[in-house]
Amino acid sequence: MAEIPESLLRRSAEAKAKALGVPVEQILAEMRGEAPPTPAPSAPAPAAAAPEPAPAPEPAPAAAPVEATPAPAPAATAIALAEPPAPSPASPTGNGSGKVAATVSPRPLAPPTNTPEGVRTQRLLTVVKARAIQQVKSEPTDKVNTWPHLMLIEFVALLAITALLLVLSVIIHSPLLEPANVNATPNPSKAPWYFLGLQELLSYFDPQIAGVTVPTIVGLVGFMMIPYVDRNPSTKPSDRKFAIMLYTIFMCGAATLSILGVLFRGRGFNFSYPWRDGIFFDDLKDWVNFE
Amino acid sequence: MATIKERVNDQVERLRASQVLESILRPGSPFKKGYTDSPRNRSYVIMNNVLYHLHPVKVKRHGVRLSYTLCLGGLSFFLFILLTITGIFLMFYYAPTADRAYADVAALSTSVVFGSLVRNMHRWGAHLMVLTVFLHMSRVFYHGAYKPPREFNWVVGVVLLLLTLLLSFSGYLLPWDQLALWAVTVGTNMAGFVPVVGDQVKFGLLAGAEVSANTLLRFYVLHVLFFPFIIVIFMAVHFWRVRKDGGISGPL
Numbered sequence: 001m002a003e004i005p006e007s008l009l010r011r012s013a014e015a016k017a018k019a020l021g022v023p024v025e026q027i028l029a030e031m032r033g034e035a036p037p038t039p040a041p042s043a044p045a046p047a048a049a050a051p052e053p054a055p056a057p058e059p060a061p062a063a064a065p066v067e068a069t070p071a072p073a074p075a076a077t078a079i080a081l082a083e084p085p086a087p088s089p090a091s092p093t094g095n096g097s098g099k100v101a102a103t104v105s106p107r108p109l110a111p112p113t114n115t116p117e118g119v120r121t122q123r124l125l126t127v128v129k130a131r132a133i134q135q136v137k138s139e140p141t142d143k144v145n146t147w148p149h150l151m152l153i154e155f156v157a158l159l160a161i162t163a164l165l166l167v168l169s170v171i172i173h174s175p176l177l178e179p180a181n182v183n184a185t186p187n188p189s190k191a192p193w194y195f196l197g198l199q200e201l202l203s204y205f206d207p208q209i210a211g212v213t214v215p216t217i218v219g220l221v222g223f224m225m226i227p228y229v230d231r232n233p234s235t236k237p238s239d240r241k242f243a244i245m246l247y248t249i250f251m252c253g254a255a256t257l258s259i260l261g262v263l264f265r266g267r268g269f270n271f272s273y274p275w276r277d278g279i280f281f282d283d284l285k286d287w288v289n290f291e
Numbered sequence: 001m002a003t004i005k006e007r008v009n010d011q012v013e014r015l016r017a018s019q020v021l022e023s024i025l026r027p028g029s030p031f032k033k034g035y036t037d038s039p040r041n042r043s044y045v046i047m048n049n050v051l052y053h054l055h056p057v058k059v060k061r062h063g064v065r066l067s068y069t070l071c072l073g074g075l076s077f078f079l080f081i082l083l084t085i086t087g088i089f090l091m092f093y094y095a096p097t098a099d100r101a102y103a104d105v106a107a108l109s110t111s112v113v114f115g116s117l118v119r120n121m122h123r124w125g126a127h128l129m130v131l132t133v134f135l136h137m138s139r140v141f142y143h144g145a146y147k148p149p150r151e152f153n154w155v156v157g158v159v160l161l162l163l164t165l166l167l168s169f170s171g172y173l174l175p176w177d178q179l180a181l182w183a184v185t186v187g188t189n190m191a192g193f194v195p196v197v198g199d200q201v202k203f204g205l206l207a208g209a210e211v212s213a214n215t216l217l218r219f220y221v222l223h224v225l226f227f228p229f230i231i232v233i234f235m236a237v238h239f240w241r242v243r244k245d246g247g248i249s250g251p252l
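Chains as they are written, first to last, in our numbering: chain L, 1 to 291; chain C, 1 to 252.
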C-alpha cells in the first residue's frame, strides 16, 4: 500500500482546514483516523457565519498530531486515489475508515447532497504526462546551409527582378494625362486594373452584391477562413482535388473578369473589341516610347 | 622591388586585418582575413549576422529548389524595399497640393535627373508587387502550405495582400491627372456601397463628398506613412511566423 509523505498530508490538511475554518491539527488527526470527522459543509450557512464555534469536536485526547506515525492505509488510499460513495453527512455510519473517507469526500463548495447515491466522485490530484515537457531530440531532416545555397539563389532572383524592372521602366513610360478636372469625366472611367474585375462585376449585378458582398465576404473573409474551413490535413495535390478546383475556378473567373474589364470595355463601359475599337486602358497609354 | 599588383594585394590584406574591419564584421564573415569555407563558417555567416533575423542557419533542401517557391515571397519583400527607396526619391520632388502635384509629376518626368526612370520604376514596381503577392498566395495555396500550423500566417498574408492593394490604390491618385482622379472616383464609389456606413466610409476616404484637394493630402499621408507603417508590422509578424511555424512547408 502506498504511503502518503508527511509533507503532502500536511499540505492537504492545511488547505482543508483553511476551507472549513477549523484548526489544522484537527484535520490532520481526522485524516489519520484519530478523530471523528468534521461535518462542516453539510450545513454551510452556520459554518460560514461562525467558523470558530463550528460543531466540530475537539481533537481526540489520544491524538498526537505532530509526531504521528504514517497514516493508516485506508485513509491514504481514500485521499490519493478516489473517494468512496459519499455517505450522507447527517448519518455517518460505518467503521473507522469509512469515517475518515467521509471527512475527505465533502467538497467545501459542493455539498455532497448533489451527488446521487452510488456515484463515485473522483478528485484529480495531479496529471503526469507520459512524455517529457520538451522534446529534446529533433527529427532528422534533409537540410542544407542557408549560406551559400539559399542566399545565392535569392541574390540572383533580386538581380533578375531589378533588371526586369529597369528594362520595363526604360521602355514603358508611366502615363500622365491631362491635369485632374472634376468637371470633365473621361469616357470610359476605369479603376486600377486589380479592381477592374470588380468594376466589371458591377455592370452585371446590384452594387450591394458586386461592390460589397463579393469583395468583403468572398474576397476578404472567405480567403482568411480558408485554413479553418479546409480541414483536410493532406498537402498532396491528389488528395485535395476539390480545393484546388475551387481555387482555380475562382482565380480563372477573376482573371476573366479583369481581362474583360481591361481589354473589352470601351466607351460608356460598353463591350468593344480591342482589335476593332482600340484598347481603353490608360495605364499602358505609352506602351513603348519611340522618342 | 614589388610589383603594383603585389602592393595592392598587400594593402588589401592589411585592410582586411585592420581593427576597423575587425570591429565592423562579426566572427565568421567571409570578408574577413583568413575566411575558409567550412561548415562552421557557413553557419557563422548567418548566425553572427543581422540576417539571422530573417533566415535560419539551415533550411530544408527541397525549399532551396527554385521551382518550389519561385522566390515569390522574397521578391515581394524586395519589391517593397525598392518601392520604398524610389518612393523616398520621389518625395523630394513632389508636393501633395492640388496646384502643385500635377506640375511636380510632369517635372519629374521631364526635367529631374533620373526622375522619369525612378517614377517608372516606382509605378511598374508597384504593379509588379501586386502581381507577385497574388502569385505568392496562389503558390502557397497550391502547396497547401496554409495548413496547420500555418493557418494564422495565411490570415496575416491575406491582410498583407489587402494592404498591398491599398498602398497601390492610394498611390494611384497622387499624379493628380485625369486617370488618377477618375480611377479613384470609381474605386471610392464602390466603397460607398457598404450597407450601413457606406457614406461615412466614402466620406472618410475622400475627406469630403467627392475627390478634392483634401483627398489628395489624405491619400498622400496614407500612401507614404500610414499604410507602409502598418504593412511593415504585418510583414514582421509574417516573416517571424514563417520561422516559428517550422520554416518552409514540407515537400508535396
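Derived by calculation from the structure, the hints in this document are not laboratory data.
These numbers were taken from a predicted model, which means no experiment stands behind them.
Each hint should be verified, as a subset may be incorrect.
Below, a list of computed lysine to any residue pairs in the SDA-like style, where the Cα atoms sit at most 25 Å apart [what the hints assert, rightly or not]:
(1) C:Lys202 to L:Met251
(2) C:Lys147 to L:Pro237
(3) C:Lys147 to L:Leu166
(4) L:Lys285 to L:Ile161
(5) C:Lys60 to C:Ser111
(6) C:Lys202 to L:Pro207
(7) C:Lys58 to L:Leu166
(8) C:Lys58 to C:Gly247
(9) L:Lys285 to L:Leu164
(10) L:Lys143 to C:Thr36
(11) L:Lys285 to L:Leu166
(12) C:Lys32 to L:Pro207
(13) L:Lys241 to C:Val140
(14) L:Lys285 to C:Val140
(15) L:Lys285 to L:Ala163
(16) C:Lys58 to C:Pro27
(17) L:Lys143 to C:His238
(18) L:Lys143 to C:Leu66
(19) C:Lys147 to L:Pro148
(20) L:Lys241 to L:Ile226
(21) L:Lys236 to C:Asp245
Restraint status (C-alpha distance of Lys32 of chain C to Pro207 of chain L at most 25 Å): violated (63 Å)
Starting from Lys285 of chain L, check that the Cα of Leu164 of chain L is at most 25 Å away, please. Answer holds: Lys285 of chain L to Leu164 of chain L is near 20 Å, not above 25 Å.
Would you check the hint for Lys285 of chain L and Leu166 of chain L, treating anything up to 25 Å between C-alpha atoms as holding? holds (19 Å)
Lys241 of chain L and Ile226 of chain L were given as a pair; does the straight-line alpha-carbon distance stay at or below 25 Å? holds (15 Å)
Quick one, are Lys285 of chain L and Val140 of chain C close enough, alpha carbons at most 25 Å? Since the Cα atoms of Lys285 of chain L and Val140 of chain C sit roughly 34 Å apart, the hinted pair is violated (cutoff 25 Å).
Straight-line alpha-carbon gap Lys58 of chain C to Pro27 of chain C, limit 25 Å: Cα-Cα ~18 Å, so holds.
Just to be careful, I want the Cα atoms of Lys58 of chain C and Gly247 of chain C compared with a cutoff of 25 Å; is the pair within it? Holds - the C-alpha atoms of Gly247 of chain C and Lys58 of chain C are around 10 Å apart, at most 25 Å.
Is the hinted pair Lys147 of chain C and Leu166 of chain L satisfied, with a Cα-Cα distance of at most 25 Å? Violated. Lys147 of chain C to Leu166 of chain L sits at ~37 Å, over the 25 Å cutoff.
Hinted pair Lys147 of chain C and Pro148 of chain L, Cα distance within 25 Å: violated (29 Å)
Distance restraint between Lys285 of chain L and Ala163 of chain L, which requires alpha-carbon spacing of 25 Å or less: holds (23 Å)
Hey, Lys147 of chain C versus Pro237 of chain L, does the alpha-carbon distance stay inside 25 Å? holds (13 Å)
Are Lys202 of chain C and Met251 of chain L close enough, with their CA atoms no more than 25 Å apart? violated (28 Å)
Going down the numbered hints, you'll see the structure goes against 1, 3, 5, 7, 12, 14 and 19, while the others check out.
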